[in-house]
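Here is how the chains run, residue by residue.
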Amino acid sequence: GAVVSQHPSWVICKSGTSVKIECRSLDFQATTMFWYRQFPKQSLMLMATSNEGSKATYEQGVEKDKFLINHASLTLSTLTVTSAHPEDSSFYICSAPVVRELFFGEGSRLTVL
Amino acid sequence: TQLLEQSPQFLSIQEGENLTVYCNSSSVFSSLQWYRQEPGEGPVLLVTVVTGGEVKKLKRLTFQFGDARKDSSLHITAAQPGDTGLYLCAGEPGGTSYGKLTFGQGTILTVHP
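Protein sequences appear in the order of chains A and B.
Take the working numbering: the final residue in the first sequence is number 113, and no numbers are missing along the way.
Take the working numbering: the final residue in the second sequence is number 113, and no numbers are missing along the way.
You may find that some hints are simply not true.
Unchecked claim - The calculated lysine-lysine pairs, modelled on DSS-like cross-linking and capped at a C-alpha distance of 27 Å, are:
no., chain 1, residue 1, chain 2, residue 2
1, B, K100, A, K55
2, A, K20, A, K55
3, B, K70, A, K41
4, A, K20, A, K64
5, B, K100, B, K57
6, A, K66, B, K100
7, A, K64, B, K100
8, A, K66, A, K55
Stated by the list, open to error - Stretch-level coverage of chain B by chain A, calculated; a stretch enters the list once three of its residues show a Cβ under 8 Å from a Cβ in chain A:
no., segment
9, 45-56
10, 74-86
11, 100-113
FYI, nobody ran anything at the bench for these hints, they're computed from the structure.
All values derive from a computational prediction rather than experimental measurement.
Glycine residues also receive a C-beta, built at the ideal position from the N, C-alpha and C atoms.
This is chain B alone, in the form it adopts within the complex:
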C-alpha cells in the first residue's frame, strides 16, 4: 500500500503570510493531485502534476512535483481568509489503479483576517 504523509496537519496563520504544505512518500506516483475542500462539501480539484520536477502556478498557489515523483508541495503566497479550508494531496499509483487515489491526511488551513 502506498502512503502519502501530508504535513502539517493544522496551520493557523494571519492574512498576508506565506505557507507551504508538504506531501511525501517512499513510493512513486504517476501523478499527484491537490484538492481543496470546504466544510459540508466535496473536494474540488486544484491541480494535477504529472512530470517529475513540474511546477504549476494557480494565482497565488504554486504546486511542485518532486523530481522522483515521490513528493509534492503546495505554496501559498500572501494567504487570504478565503484560502481557509482543508487541503488534500492525492497520488495516483498508476498501473491498473485508475482513479483509485491515495490521499494524504489533509491540512486544515485557517487564515485569520
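In isolation and in its complexed conformation, chain A is listed as follows:
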C-alpha cells in the first residue's frame, strides 16, 4: 500500500512558539491531503483539506490563521501551529487518498507547555 510519513512523531514546545509538522507521501503523488486532530480515545476530527498549488480548505470552526497549511509540492504538506497554547496540545494526523482508500501518517503528538 501507499506510504504516508509524518514528522516529527512528537514535539514539545513552549507556549507562544510555532511548530511545523510535515506530511509526506513517500511512493506516490498527492494533490490532496487531509489534516486531522484527535483527542485521547476519540475519533478523528477533520481540520482542513490541503490542496497542492492552492489554498487549503478549512472546516468550520478551525482558525486558518492559527493552523497554517502549505502544500508546496505533490509529496509534501505542512501544518504549522502558530503561537501555540496548551489547549493546542493534541495528536495531529495527516492522510492522503489513493483511489478510494485513505492512507494515514503515523501522527504527531504535540505538547505545549
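Once you've looked at the hints, dock chain B against the given chain A.
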C-alpha cells in the same frame, strides 16, 4: 453534513468472545471503510466495502455493508488480546468529496486475556 453513528463507544470483553460494532447513518455512502488504530499511531485500513449487501472477511473479522449503503457492521469472532484498539468506520459521501471521509465516533475495544 452526513453523520455516522458508531456503537458501542467502549467494549471490554474476554478473550474468545464474539463482538459486533455498528455504524449507522441516514445518508447513503458510495463506500465505507473500517480502520484500526493503536495508541500513538495513525489508523490502518482494514477493509473497504462498496456494494450494497457486500460482505467481506478478513480472517476472524467480517464486514458487512447494508443493502441501502447507509450502515455497516464489523463482527469479530473469538476475539484475541491483539484485537485491542480503536476501530473507526468512515464513509465516503461520493460526488466531489474525494477522500473526504465522514468518521464515526470510534469504538475502543479491549480484549482481556
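The hints, checked one at a time:
Only pairs whose Cα atoms come within 27 Å are accepted, and K100 (chain B) paired with K55 (chain A) is accepted, the gap being roughly 16 Å. With a C-alpha separation of about 17 Å, the suggested pairing of K20 (chain A) with K55 (chain A) holds against the 27 Å cut-off. At most 27 Å may separate the alpha-carbon atoms for a hinted pair to count; K70 (chain B) and K41 (chain A) meet this at roughly 25 Å. Distance check on the hinted pair: K20 (chain A) and K64 (chain A) sit about 14 Å apart at the alpha-carbon level, within 27 Å; holds.
Of the pairs offered as hints, the one joining K100 (chain B) and K57 (chain B) holds, with about 25 Å between alpha carbons and a cut-off of 27 Å not exceeded. Restraint check for K66 (chain A) and K100 (chain B): the C-alpha separation of about 22 Å stays at or below 27 Å, so the hint holds. This hinted pair checks out: K64 (chain A) and K100 (chain B) have alpha carbons roughly 18 Å apart, not beyond 27 Å. About 15 Å separates the Cα atoms of K66 (chain A) and K55 (chain A), which keeps this hinted pair within 27 Å; it holds.
Coverage of the segment 45-56 of chain B by chain A holds [criterion: at least 3 residues with CB-CB distance below 8 Å; count 3]. Using a Cβ-Cβ cut-off of 8 Å, 1 residues of the segment 74-86 of chain B lie near chain A, which falls short of the minimum of three, so the contact claim is violated. For the segment 100-113 of chain B, the assignment as covered by chain A holds, since 7 residues bring a beta-carbon within under 8 Å of that chain's beta-carbons and 3 suffice.
This entry does not satisfy hint 10, going by the numbered hints stated previously; all others are met.
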